[in-house]
Amino acid sequence: MALPALNWRMLTPVTVTATNTIHTLLDAIYSAGNQSTYADGTTRTGANTAWTWERDRTTFAGVTTAVVGNPPAVGSSMEQRIIVCGHTSAPASALRYHKETTFVASRPLIGVAKSAGSYGVTTNWTSAVASSASSTPFSAGEFSGYCTTGNLGTALYSTLYMYESQEAVAVFATVGTTVHMAFIAGAFVDPLSTNLLDAETDGRVYGLTSIRNVTTGMDPGFLGSTGNSLFYGTAVVLEPNCIFFVPGSSSVSIGKRFNPTSDVFSSFTAANGEIPLVPFQIQYASGQYSGQLREMFLTRASLLSNKLRDGSTDKGYTIGYSSTTASHTLLLKV
Amino acid sequence: MLPPVTISSSSTAHGILDAIYQCGAQTTYVDGTLKSSSSVSWTWSKDNTNAINSGSTTAVYAGPTSPNPSLFGQRVIFAGSTSTPGAIKYLKSAGDTWASTKILMGSAVGRIAGAPGSYGTWSRLASDPNGGTPFTNGQFTGYISFGYYSGATTIMIFESQEAAAVFMLNSAGSILGACFSGAYVDPLSSDVLNAETDGRLYGLTSIGTFNSPGTTLPNNWLSAASGNNVLFESGSTGNASAYSCVFTPGSGSIKSWAKFMLYTTSSGFTSRSGNIPRIPIQVKYSTGNFCGQLRELYVTRSGAMGGALYELGTIHGYFVGAAGTAAAGEAILLKG
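Protein chains in written order, with the working numbering: chain L, 1 to 334; chain B, 1 to 336.
Be careful, since some hints might not be right.
[Unchecked claim] Distance ranges between label pairs, derived from CB positions:
no.: 1; chain 1: B; residue 1: GLY274; chain 2: L; residue 2: ALA235; range: 20 to 26 Å
no.: 2; chain 1: L; residue 1: ASP310; chain 2: B; residue 2: SER38; range: 36 to 42 Å
no.: 3; chain 1: L; residue 1: ASN7; chain 2: B; residue 2: ALA126; range: 53 to 59 Å
no.: 4; chain 1: B; residue 1: THR314; chain 2: L; residue 2: VAL104; range: 51 to 57 Å
no.: 5; chain 1: B; residue 1: HIS316; chain 2: L; residue 2: ASP310; range: 33 to 39 Å
no.: 6; chain 1: L; residue 1: ALA5; chain 2: B; residue 2: SER38; range: 34 to 40 Å
no.: 7; chain 1: L; residue 1: ALA235; chain 2: B; residue 2: ASP31; range: 55 to 61 Å
no.: 8; chain 1: B; residue 1: ALA308; chain 2: L; residue 2: ASN7; range: 37 to 43 Å
no.: 9; chain 1: L; residue 1: ALA2; chain 2: B; residue 2: THR264; range: 21 to 27 Å
no.: 10; chain 1: B; residue 1: THR33; chain 2: L; residue 2: LEU197; range: 32 to 38 Å
[Said to hold, decoys possible] With a straight-line cut-off of 25 Å between C-alpha atoms, the simulated SDA-like cross-links for lysine to any residue are:
no.: 11; chain 1: L; residue 1: LYS333; chain 2: B; residue 2: PRO280
no.: 12; chain 1: L; residue 1: LYS256; chain 2: B; residue 2: ILE281
no.: 13; chain 1: L; residue 1: LYS333; chain 2: B; residue 2: ASP191
no.: 14; chain 1: B; residue 1: LYS255; chain 2: L; residue 2: ALA271
no.: 15; chain 1: L; residue 1: LYS333; chain 2: B; residue 2: ARG278
no.: 16; chain 1: L; residue 1: LYS256; chain 2: B; residue 2: ALA225
no.: 17; chain 1: L; residue 1: LYS256; chain 2: B; residue 2: GLN293
no.: 18; chain 1: B; residue 1: LYS335; chain 2: B; residue 2: THR121
no.: 19; chain 1: B; residue 1: LYS89; chain 2: B; residue 2: ALA115
no.: 20; chain 1: L; residue 1: LYS307; chain 2: B; residue 2: LYS89
no.: 21; chain 1: B; residue 1: LYS89; chain 2: B; residue 2: VAL40
no.: 22; chain 1: B; residue 1: LYS335; chain 2: B; residue 2: LEU312
no.: 23; chain 1: B; residue 1: LYS335; chain 2: L; residue 2: LEU192
Simulated from the structure, these hints should not be mistaken for lab results.
Cβ coordinates follow ideal geometry from the N, Cα and C atoms, glycine included.
Chain L with its partners taken away, still in its complex shape:
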């Protein structure tokens, strides 16, 4: 049986402060995630899709070096968390990475946790250290290890886009008009099974996907390419990430899309102009089936942050690599 349907909502885009440091990028995520209304003007406070974001300005006094996303109190029971962090200089102890080996100044790091405890009381983002395979930024639970996305060293971010649903978050940041940082995290894959080999005890699979660290931005064909794309995990450092917790375990498995496509056009509509929503499947690197993206569909070529409307009703938000040029597009269904 499929999991409950998610409802994706769009936050009002946030301009990244012109000074552009890892700290201002994290501040932009914090600002985006703490707005009281959605981009469509509806009230966000108290909504069942509203995540709560906290930020860490004490680990390195006076600057934001981590933001933590906490899900709304609906859906999942696994106490998942999303953390995005980074700094201009390396922490004292080597961090625990998913696959990277070295800290790079100002590069955004992202990780997910389940059964997580609190943040910032006894632990912080520097508590997940390479010397301990079970270490986590939180006071308890399992942690994925840090993945990377984007490269602040060469990028001057312009705008940050955030989308949220009951159980997952998607964040994109542009340099000019092109996405240079992107991640989706949380329970965004439905394993379509409740078997404990396929899903956690709450029926979910938790993980993240992020684009790689290059200066050219996300690929126009980011739903089909093996370059700077989403839903395409590899074990190679600095390449894209797509990882999921092994159900019932603290370890993670690499995932990738099952059905790559290379031909999504603006003409990909029905004969009468209706816009198709094509479900998207994920498999593990082993070739085993992982699940289906939740309320995220491949659709006709469109732009970043456009709305799909039916009459006066929002049906979803389009995710493209650019805010000015249409190519591969993921639709987040409202």
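Following the hints, position chain B against chain L.
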């Protein structure tokens, strides 16, 4: 699924057509249930009186036994002969011509009561006033290659309420000829630009005869970008390449389509617990427009051609795979 039938004589097209008829005319399905009490059965008939090769079977045709009266009438037809027919109607404008070494097939639909009517003759000329349909009225796709029959040993047929699938296999269980016919594409829309007035799209897919006789459906038929010799594709090489099409809603014209994505599967394509995934297949027109989603046909793990998927003693579907062994080739599941 009907019990597979062994071809008693594969030296001519007549023996192949006899086997198709024999397979379709059986009274029970492979699971032992009666066709007569089933809502999915098709009625199969044959023509062995055509003057081209009188006394031999030169055509086999079929349609749903108890069609839903709110739906359009439909037929599938297979034809072949040792002697050359006249200028019959072919599907492709460039022609996909008759040869004594191959079997032809086509689909017909009728949008009026009783259509597409009774069988007339398969060899009706394209120039005939009724447009070359083998039936008394309705629209006909025209003929396309079903496959070369050299080396064929077995016929396998699957039926559903609104579509049928026929396969011609060699001794290894590999596919020499294959087609689906009927309303097996769901347009997921009732708009009359997207669907017939009964909400369906009617058409066919066939692997064609682009390759030489004896060539079988390749193991990578779901992931191959080539449109030749595979299902759910429309080849770009003209005559005899694989072809998939539907009738343009409300029209007698044809629109070709192909699968929207490429799918690479293996015998290990299961969930961690061993559950077998069922991935829906979307198809798009050659114009790039969305066409629809295949009905109860799913990409799944590798499976032996014709093998049943059992769950707790119940058949949940049948595999259509490239090989007679489970280990090789990509496969789809026909949901039972």
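*Against the earlier hints, flag every one the structure doesn't satisfy and list their numbers going up.*
Hints 7, 18, 20, 21 contradicted; others consistent.
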